[in-house]
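> As given, the protein sequences belong to chains A and B, one line each in that order.
Heads up, the first sequence is in my numbering, so the first residue is 263 and it goes up one at a time.
Heads up, the second sequence is in my numbering, so the first residue is -16 and it goes up one at a time.
Note that these hints are calculated values from the structure, not bench results.
Bear in mind the structure is a predicted one, so any value in this text is a computation, not a measurement.
C-beta: ideal position from N, C-alpha, C; glycine also.
Check each hint, because a few of them may be wrong.
Here's a subset of chain B near chain A, in silico, CB distances under 8 Å, partners left out [stated by the list, open to error]:
1. Ala6
2. Pro8
3. Ala14
4. Phe17
5. Arg74
6. Ala78
7. Pro259
8. Leu266
9. Pro313
Simulated DEER-style distance windows between Cβ atoms [stated by the list, open to error]:
10. Ala20/B with Gly427/A: 24 to 30 Å
11. Ser76/B with Asp516/A: 24 to 30 Å
12. Pro311/B with Pro462/A: 14 to 20 Å
13. Gly554/A with Pro311/B: 48 to 54 Å
14. Pro462/A with Met305/B: 31 to 37 Å
15. Ala555/A with Leu179/B: 43 to 49 Å
16. Gln628/A with Met72/B: 29 to 35 Å
17. Leu266/B with Ser431/A: 38 to 44 Å
18. Ala291/A with Pro311/B: 30 to 36 Å
19. Pro125/B with Gln628/A: 28 to 34 Å
20. Pro441/A with Phe165/B: 57 to 63 Å
21. Glu347/A with Pro311/B: 28 to 34 Å
22. Gln628/A with Leu179/B: 55 to 61 Å
Stretch by stretch, here's where chain A covers chain B in the computed footprint (C-beta under 8 Å, at least three residues) [unchecked claim]:
23. 110 to 123
24. 187 to 195
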Amino acid sequence: MNRMFSPSTDPGPAAMALPAPVRACVPLAGHAPRVSCGQAVTKGQLVAEALEPGLGDAHAPVAGKVDLVDKWNVCVVAQGEARAEPVDLAALEGGTLRAVLRSLGVDIAPLAVINTLVINGLNSEPGVTSAELLLRDFAPTLQAGLDLARRVMGASVCVLALRQGVAASLAGCDTRSVPAVYPQTLDPLVIKAVTGKENPEGVAALSVHELFCLGQVAETGLPCDRTVLTVGERNFLVVVGTPVSEVLAAAGLDARDGDRVVLDGLFRGFTARSLGQGVDKGVYGLSVVPAGAHAPVTDAPCMECGKCVRICPSRVDPGLLSGCAEFGLLKQAVDNYIDACMECGLCAYVCPTHRPVLQYIRLAKQQLREVAESV
Amino acid sequence: MQSLTPDKTARVLGAGALRPLTAAPVLTVSAPPFAHAGSSVRSLMLTSIAALAPAAIMAAVAYGLPAVRVMALCGATAIITETLCERLMGRQSSADDYHCLYVGLVLAFLLPAAAPWWLAVMGAASSIVLGKMIFGGLGGSPLSPALVGWAVCRLSWPEAMDAEFSMLASELISPLHHLKFFGPEAVDGITSVQLLLGRQLGGLGASQLWAVSAGGLLLLALGRVRWEIPLAFLTGLVATTGIYWLSDPASHASPLFHLLAGSAIFVAFFAATDEPSSPSRVLPMLLFGLLAGALTAVIRIYGIYPDGAPFAVLLANLFTPMLARIRPKPFGAR
Ligand code: SF4
Ligand code: SF4
């Protein structure tokens, strides 16, 4: 078995807590800023409003003064201890509770009303151990998050999916060992392992990182302001908005011209635009991929080797779909089940021609979304 | 879709452009995944060529310089033809991925050692032009490229392609010719061990049986080729010839003879597995192999060509688009 796919091992020592940053930058994907430069903000104050339904608002992770507002960030220079008024969630229910959670920065899209809740307790990607560390060291917060999630989702059954050999539990949840080899660690495949069904109705999965965010909200009545992420062999507890440069420095890593600084994992993550970019809520990993670490992606034609077809957990033909995207054949892409792709990244990982297989598929999906929105 | 690395950016915008005033590095931004398994077309082709090596060496030992000459001619012609085609198409050359060299060598393995120079050149050029480049290059071929070149030669210059005609000086015989023209008694005396040791006339490399088999097993062991197509091919051949043999042993050769004589094993591992022209999922691969194996038997028994394996694979290639339609329901589809 490829080392890349082997189940992650023990999370190691407790997460190292980094001090709150001197200047926190909150990333703004899908948000519109609601503060201006020079404005003083309290910790937990709204700084940007979510533009999409289901997405949570963004808040200042530290108290201080806003010193940059642009399309991508709101940056706050830390100063003082002032914090926003906590919200009492205990009295709220149903729609009001959802609306309040959203205003507290919680993404409510994953909190659908269902009857079976699967907690994905696996480290979702190779090289990441932060999920199991949360289970081991932050159980009370996870429990608070789970209780809140169940109140919102109304789930009557709860199953905690774990890698074989991991001892963890959450009150009210059955535990279940499931295969922990990537991509089996992804939500749809964990749900399949637990229920035996593919995309069954009335079942949803939450990751422990989502529970951790929710748990912080439940415990403090304030927006989630910390995340645990794996960098190299270690885990770090960081304040949201901490620039990636500071996390890298703490881990003894550094990035040079042309490197990719990857947030989350190597298969599903995203790249930082600069070292000043802040770590967002729920980010579970950080790594540096040096320039030239592997052959560059090129727009080579598919050689029809079939490697992607055989490795794809969605059982689609990624080579074919990428060709549809390349030539703008969106209808053919839909006919060949582009929607089934769960974006695990394995197709582009194995492609010997270094074709941007998943990149093309994501492009086609985006174009399809735009077409759907325009009608 | 190439990522805009800093040095590229600098080339586009002039050195120093986009560099922030601070000394912070300029990062590359791209979409996932950010890891790669490490294989490349070149590494795949080099593995395949390495698997050809034992049989190439044995061919050189058995036939001497003429065999080396045919391999060199085919390989060089394939590389030159591909480079010329790409020049004409206004494309960057891809000859350095060694796919064309591999195609040339597979063709050489199917030619007789005594093939005249023009035959090797015509065959290799047809393989690349008609088998690969007119379909847009690597990945477009609906037919196995080396077999296209072989078929062009086989149909156009049958005498030159016939090892028994072209190698009169050799004391070896081509078992499938003898079977076709003189019946099963004519090949009674030929033992499996003789066949295995390569004591038969045929394609210069394809008849080096134990070396070809060793190469085939190497491909399987390295995961370069999957077992479905070769195994199903050989099963189809043995099963079909077995049925004929069991029904009438007097007028048919044994399945073991069919397995070991001619180019069946070579074609099963090195030509039928050509990726663009064969299916890629398990069940279609098995059906493809079985079909090609059964067709080999049918052509050998009823056809006018003694060795049916290359034609059988070309025919099976035509079924590939249909076989590719056999596919599982995608994840979660209802
Ligand atoms: S990313 Fe590629 S391999 Fe993964 S599910 Fe999508 S198409 Fe399949
Ligand atoms: S892995 Fe790459 S070359 Fe092979 S079939 Fe898939 S897209 Fe085509």
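> So, for every hint listed, does it hold in this structure?
Taking the hints in turn, this is what the structure says about them:
Given the 8 Å rule on beta carbons, the hint for alanine 6/B is violated: about 10 Å separates it from the nearest Cβ of chain A. Taking 8 Å as the C-beta cut-off, the interface hint given for proline 8/B holds, the closest approach to chain A being about 5 Å. Below 8 Å, beta-carbon pairs count as interface contacts, and alanine 14/B has one with chain A at about 5 Å; its hint therefore holds. Among the interface hints, the one on phenylalanine 17/B holds; its C-beta lies about 5 Å from the nearest C-beta in chain A, closer than the 8 Å criterion.
Given hint, arginine 74/B at the interface with chain A, is violated; its Cβ is 11 Å from that chain's nearest Cβ, farther than 8 Å. For alanine 78/B, the shortest C-beta to C-beta distance to chain A is roughly 14 Å, which exceeds 8 Å, and the interface hint is violated. Against a cut-off of 8 Å between C-beta atoms, the interface hint on proline 259/B holds, since the closest Cβ of chain A lies about 4 Å away. Checking leucine 266/B against chain A: minimum C-beta separation of about 12 Å lies over 8 Å; hint violated.
Hint status for proline 313/B: holds, given a least beta-carbon distance of 4 Å to chain A, under 8 Å. At roughly 27 Å, the beta carbons of alanine 20/B and glycine 427/A sit within the given window of 24 to 30 Å. A beta carbon spacing of about 38 Å between serine 76/B and aspartate 516/A contradicts the range 24 to 30 Å that was offered as a hint. A C-beta distance of roughly 18 Å is found between proline 311/B and proline 462/A, which places it inside the suggested range of 14 to 20 Å.
Between glycine 554/A and proline 311/B the CB atoms are about 38 Å apart, so this pair departs from the stated range of 48 to 54 Å. Taking the beta carbon of each, proline 462/A and methionine 305/B are about 34 Å apart, inside 31 to 37 Å as hinted. Distance hint for alanine 555/A and leucine 179/B: a CB-CB separation of about 46 Å, consistent with the stated range 43 to 49 Å. A hinted range of 29 to 35 Å for the beta carbons of glutamine 628/A and methionine 72/B is consistent with their spacing of about 31 Å.
The hinted range of 38 to 44 Å is satisfied by leucine 266/B and serine 431/A, whose Cβ atoms lie roughly 42 Å apart. Take alanine 291/A and proline 311/B: their Cβ atoms lie about 35 Å apart, and the range 30 to 36 Å holds. Roughly 32 Å separates the CB atoms of proline 125/B and glutamine 628/A, a value that falls within the hinted 28 to 34 Å. The given range of 57 to 63 Å is respected by proline 441/A and phenylalanine 165/B, whose C-beta atoms sit roughly 60 Å from each other.
In this structure the supplied range 28 to 34 Å is violated for glutamate 347/A paired with proline 311/B, their Cβ-Cβ distance being about 55 Å. Between glutamine 628/A and leucine 179/B, the C-beta spacing of about 58 Å keeps the proposed range 55 to 61 Å intact. For a cut-off of 8 Å, the count of residues in the stretch 110 to 123 of chain B with a CB near a CB of chain A stands at 5, and the three-residue condition holds. Beta-carbon proximity to chain A at under 8 Å applies to 0 residues in the stretch 187 to 195 of chain B; the threshold of 3 is not reached and the given coverage is violated.
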